[in-house]
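J.: Chain by chain, the residues:
There are 2 protein chains.
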Amino acid sequence: MSGSEAVAKPGITVLASKISKEYVDEITKKVEALKSIRPEGPLLVGFLANGDPAAEMYASWTKKTSESMGFRYELRRVDEKDFLEEAIIEANRDDAVDGIMVYYPIFGNAQDQYLQQVVAREKDVEGLNHVYYQNMYHNIRYLDNEKQLKSILPCTPLAIVKILEYLKIYNTLLPEGNRLYGKKVVIVNRSEIVGRPLAALLANDGAIVFSVDVNNVQKFTRGESLKFIKHHVEDLGPYSEDLLKQCCADADVIITGVPSPKYKFPTEYVRDGTVCINFSSEKNFDDSIKTKASLYVPMTGKVTISMLLRNMLRLIENAEKVKAKN
Amino acid sequence: MSGSEAVAKPGITVLASKISKEYVDEITKKVEALKSIRPEGPLLVGFLANGDPAAEMYASWTKKTSESMGFRYELRRVDEKDFLEEAIIEANRDDAVDGIMVYYPIFGNAQDQYLQQVVAREKDVEGLNHVYYQNMYHNIRYLDNEKQLKSILPCTPLAIVKILEYLKIYNTLLPEGNRLYGKKVVIVNRSEIVGRPLAALLANDGAIVFSVDVNNVQKFTRGESLKFIKHHVEDLGPYSEDLLKQCCADADVIITGVPSPKYKFPTEYVRDGTVCINFSSEKNFDDSIKTKASLYVPMTGKVTISMLLRNMLRLIENAEKVKAKN
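Keeping their order, the protein sequence lines are chains A and B. Just so we're aligned, residue 1 is where the first sequence starts under the UniProt record's numbering, counting upward by one. Just so we're aligned, residue 1 is where the second sequence starts under the UniProt record's numbering, counting upward by one.
Derived by calculation from the structure, the hints in this document are not laboratory data. It cannot be assumed that every hint is accurate.
One copy or any two copies: either way a pair holds, since identical chains are not told apart in the list.
[Unchecked claim] Straight line, CA to CA, 20 Å or less: simulated SDA-like cross-link-like pairs of lysine to any residue:
| id | residue 1 | residue 2 |
| --- | --- | --- |
| 1 | K302 | N178 |
| 2 | K81 | L236 |
| 3 | K81 | D235 |
| 4 | K81 | S191 |
| 5 | K219 | F107 |
| 6 | K325 | Y103 |
| 7 | K81 | N216 |
| 8 | K302 | Y166 |
| 9 | K81 | Y137 |
| 10 | K168 | K302 |
| 11 | K325 | P53 |
| 12 | K219 | E80 |
On a predicted model such as this, the values are computed, not experimentally measured, just so you know.
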């Protein structure tokens, strides 16, 4: 009991490439099967307008990854941010374009949220359209009453769900929709793009989620809403180290997404055996986490891009169904 | 020339109540004419979930104003912010509700932008739906290809356009769409809700607009877009007192919307005879502005509420047209 330092720490680092493998195979097969309607492969267009070298890197990596699975990828550089909206609208209207993604931030403020809604819902592979978010928050799986057109999920939160499935945090002995029952998850990030939707998704699947940002800590649970199947949110109080420590004390999973090179999650708050996942492009855990975490996923990008391409295939399926109907 | 202090300053303060009078009369008549389909008056529902006494005041004033024109107004208080989304969705679905407004801020962050999109487009009297903004930015006036359903404009920017019309800044000798040709306008605020759309609206009507925020100064002009009738934006540089001073030197109109009691626009930058309008709920100009401004509009709320109610009538007209068609 007392000699815990001497006990072997059999923690394992799990790479996103390993997690994404099954999806890569699945997607590659599906793209192959699409040859009859997309002989040259589906076309994904990425818009780069921020001149950010990191975004350039990400773009060339998206190109490589998507092409390796049989997609075509076209990077469109827009010199003036102000022209991006028109460029997106042009791609919305272009039948040759199957999917559209934008390398954010562009303006780095609320105008980016405006742009996200400019991308046609039918080509929004990132799943940023308001309809997709609203459906996600309310557990609505289809876009139409006939349940023919599947709604898609924002690709980063979806990727983290898939990672949690891979890591067996989702318990398949439990019924679907309740497979996180009994699990406690800490999420350090409450952005509208990832942190809040992720908290809702996990709560909708039965977890208790502690959602942490610089301002406060909130508890997401499934709740007992009368009218909608929807998560419930409770304020636990302003952010403090103590409160974070409390939340971590019996957390099964800690997920971080703080976009700062300076931020490090305090390893000393992590109990032995916690599953730790970082979705920030910065390294939010330092290496000491390996002495505590049972499973540690240092980066998630490769799973995210798989989900994005999976979304794209779903959008193409939807488009074909709409065409067949008309 | 040198004794300018001694010259009479015939500046006039114009109250929003005076500007809104013609709209109040027009709206009241239209509501009366709607008696056949809305015998008890159209129903506007306001949602209050922030417990803010200022919002309470604004709500009771909305109630009084709208009831005086023949509308019914119902304030719905939502105790927990987290329940607001469901309350809005309920109102979206309720045929008895004609219009919905929300007293923002609720969360005070990007989640408010999510909520704005939850309000059904057909009942969004404030005109905050993405479709309305996108139509506004692109000078699109209708929601349908048949040009039966009129798009609406966000109510605060619209109110300021109406104020500029009343003040004869819009020159009716010029053709519609070019009535601000030759005018220079400074706008201190570039929010997604008011400042940026307003700058675009005025640029679309031919003005040169200097859009100022804490970060930088941008110049909005109509531009010569190949594919869309749309404003053009140019960065003039980071914000500085000097740059602001330059922009004001030959400005015809200065419009402020800084939501802080501490902020005062420097009267010394205002040239004699400038038209000054403040749409912030705080007093952005101090009284010395009266020695400089030819026309000074210290508050705009009463025009805004008129535009909101006018939007509501338009939405009811649209709904009736859709009904007649089906």
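J.: Now tell me, hint by hint, if it's right for this structure.
T.: A quick look at each hint next to the structure:
1. In the homo-oligomer, the alpha carbons of K302 and N178 never lie at most 20 Å apart, since the shortest distance is 27 Å inside one protomer and 51 Å across protomers.
2. In the homo-oligomer, the alpha carbons of K81 and L236 lie at most 20 Å apart only across protomers (14 Å), although the nearest pairing inside one protomer, at 40 Å, exceeds that limit.
3. Only between protomers do K81 and D235 lie at most 20 Å apart by alpha-carbon distance; the minimum there is 10 Å, versus 38 Å within a single protomer.
4. When the C-alpha separation of K81 and S191 is checked against a cutoff of 20 Å, the pair qualifies only between copies, where the shortest distance is 17 Å, while the shortest distance within a copy is 23 Å.
5. Taking CA atoms no more than 20 Å apart as the test, K219 paired with F107 passes between copies only; the shortest distance there is 16 Å, against 31 Å inside one copy.
6. For the homomeric pair K325 and Y103, neither the shortest alpha-carbon distance inside one copy (34 Å) nor that between copies (42 Å) is at most 20 Å.
7. Only between protomers do K81 and N216 lie at most 20 Å apart by alpha-carbon distance; the minimum there is 15 Å, versus 34 Å within a single protomer.
8. Taking identical chains as interchangeable, the C-alpha atoms of K302 and Y166 lie at most 20 Å apart only when both belong to the same chain, with a minimum of 14 Å there against 57 Å between chains.
9. In the homo-oligomer, the alpha carbons of K81 and Y137 lie at most 20 Å apart only across protomers (15 Å), although the nearest pairing inside one protomer, at 31 Å, exceeds that limit.
10. In the homo-oligomer, the alpha carbons of K168 and K302 lie at most 20 Å apart inside one protomer (19 Å), although the nearest pairing across protomers, at 58 Å, exceeds that limit.
11. When the C-alpha separation of K325 and P53 is checked against a cutoff of 20 Å, the pair qualifies neither within a copy, at 44 Å, nor between copies, at 53 Å.
12. When the C-alpha separation of K219 and E80 is checked against a cutoff of 20 Å, the pair qualifies only between copies, where the shortest distance is 14 Å, while the shortest distance within a copy is 42 Å.
Violated hints, listed in ascending order, are 1, 6 and 11; each of the other numbered hints is respected by the structure.
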